Amino acid sequence: MQLTGAEIVIRCLQEENVEYVFGYPGGSVLYIYDELFKQDKFKHVLVRHEQAAVHAADAYSRSSSKIGVCMVTSGPGVTNAVTGIATAHMDSIPIVIISGQVPTPYIGQDAFQECDTVGITRPCVKHNFLVKDVKDLALTLKKAFYIAKTGRPGPVLVDIPKDVTMHKCEFEYPPTISMRSYNPIVKPQDGQVKKALKLLLEAKRPMIYTGGGIILSDAAEQLVKLARTLGFPVTNTLMGLGGYPSTDRQFVGMLGMHGTYEANMAMQHCDVLIAIGARFDDRVIGNPEHFGSIARKIIHIDIDPSSIAKRVDVDVPIVGHLPDVLGELQLLLEQSGEKPDAGALAAWWAQINEWRGRKSLKYTQGKELIMPQYVVETLYEITGGDAFVTSDVGQHQMWAAQYYKFDKPRRWINSGGLGTMGVGLPYAMGVRFANPDATVACITGEASIQMNIQELSTAKQFRLPIKIINLNNRYLGMVRQWQEMFHGNRYAESYVDALPDFVKLAESYGHVGMRIERPADVEPALREAFTKHKDDLVFMDFLTDQTANVYPMIAAGKGLSEMILAEDL
Amino acid sequence: MRHIISILLENEAGALSRVSGLFSARAFNIESLTVAATEDPSLSRMTIVSSGSDNVIEQITKQLNKLIDVVKVVDLSEAAHIERELMLVKVRATGEVREEVKRVADIFRGRIVDVTESSYVIELTGNCSKLDAFLDAINRDLVLETARTGVCGIGRGDRILKV
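Chains A and B are the protein sequences, given in the same order.
Quick note on numbering: the working numbering labels position 95 of the first sequence as 95, and the sequence is numbered without any gaps.
Quick note on numbering: the working numbering labels position 32 of the second sequence as 32, and the sequence is numbered without any gaps.
Derived from the structure by calculation, the hints contain no laboratory data.
Model, not experiment: these values are computed from the prediction.
Don't take every hint at face value.
[Stated by the list, open to error] Which residues of chain B face chain A? A few of them, derived with a C-beta cut under 10 angstroms, are: (1) Ala13; (2) Ser17; (3) Gly21; (4) Asn55; (5) Glu58; (6) Asn65; (7) Leu67; (8) Asp69; (9) Val74; (10) Arg109.
[Unchecked claim] With a Cα cut of at most 27 angstroms, we get these calculated DSSO-like pairs of lysine-lysine: (11) A/Lys143 with B/Lys62; (12) A/Lys195 with A/Lys225; (13) B/Lys66 with A/Lys187; (14) A/Lys408 with A/Lys149; (15) A/Lys187 with B/Lys62; (16) B/Lys72 with A/Lys149; (17) A/Lys362 with A/Lys66.
Beta carbons are placed, not taken as given, at the ideal position from N, Cα and C, and that holds for glycine.
One chain only, chain A, in its complex shape:
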């Protein structure tokens, strides 16, 4: 049967079992929206700005491991989406973006709402396509879903000119696909896995360092099993939190610029490091020369060969799908019947526990001013550690990562790579669509939340009972912290003046608003929000200590063991 391009788009999405499309209509996608209107197999979520559509699709994927889908129109629809696409790209999130384009004869004519979508998005997608012939449409969409999810995942954009959505052709959705130019390596080399095991068994001061790859490849189960069998300390990156249970005694906390003292010291002083689905980025190891000043053997496991030996030299590189590699390692370990050096390991743990004794995350909650850390800790207690937590970017993001202990993967949703302010609220929306019964909290700040505040309207339309935890210090907090520490207290443009009354703002959108100004009110307010207002979106505006800083901290360009600790430590 002959179908139009628009009908083909809809059929392909149905074939891929898409549940939700996050989007915003416009001229170039009208035929697609017309077909969308006529079907009910998947739902469309109308956002209030295209950036939020991409963030919501991104979080839908992060919190479920399914592929997120969004749809935008040509020109400004696409350019608005670019921040969302780049955010997903930096964190390797599998999403498919369908964008409208002006009709093919108009391409290159500076037509109304025309932009070079493939050109603009090329550096921030895993791959993109311009479909010029309706006969290529179904195969291209199949490829898009396949490329997004396999290998190192990432966003794939399909740009469809309006005339292609009107043209007709026979529809057949290819059941499988193979591409001669794209065959992501998945099977690890046996010899390399054996070498890795040998190093691990010889280690005196071993360390397991894992990143977002564990979450993305759903390898948490294999990681926990291996780590427990070995008895080694584990640290997670910001993107890897929840990959290993934060409440487990082998967990030494997050590492990096705002990592715990024990995690960073153990990372620096270990003699054998196994890095799994992590990429040694600048916020994690600080200065690579300083990191390399102590000799250690490094095993690096990743799906992406280009992540290996990019920033540090590696002794045993292993390219593969993490659950398979970890499973293989576990099997070889059990077959060998060997165990790590118990004496050396006990001494290493004694050293780590001494570092732990510094209690680098300690803070003091007084009677007058609310400490932001206290709000996050109380949120953790009230939600029983079982919420999905999204964050924006800045100090509050670090406090959320440090004080909310994630025991499960895919519960901590934030923009780690690109560091995009404004993701928190659309992320919370995406999470809730993927997990309709889940408790969802968005930890944000008064600056970040205003970057996508319009989504309060979407949240109302779809009755999303998100709890917004606004840590309001009237400053661009992280900017203020750097200005205090490195720019002689000159607070250039970091004070946020003329803030709205967030309570009234929330109420005007039809939500519940609360302002919390005293430490004693923090716990009761949170309790009320999560019980009495369980089914409402609650905007909780916490006025917090304006001088609070995130500690520990490694200044840019410094080494892992050169942490700045809080003054009273």
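Guided by the hints, dock chain B onto chain A, whose structure is given.
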């Protein structure tokens, strides 16, 4: 170190910009880049001359392999290979230098492919240093214009880059 990287990629619109975009985005250096369709019209072959430390070249080949349109990547300079570049040079050829230019062109096995009363166009093929040497051998003031293709290369003997 100078490397010659050969790439087989899908002959599709935009494939070239994916490669050139990768080099600019990651601050990799390009000395020359040539591309044309192969005997199989669905594939293009690209030759890139780049320079960098071993780590940088390793990253370049890995990042190229990561591009979805790229089918195969090989660093030709890792083993025996042939490299060639074509240059067309227009030189002033009047009076006594007319004979001198022809003699130098003959020595470099260049061919004169266009002649006017006052100029020659000389076609010259070889590796980059030969072309440079030719330009050094004639008086620079005589050179009116040069057009160079950039390097293309192929492995010697059994080294074959094919799908």
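Open item on the list: Could you work out which of the previously given hints the structure breaks and list their numbers from low to high?
Closed with: 9, 10 and 17
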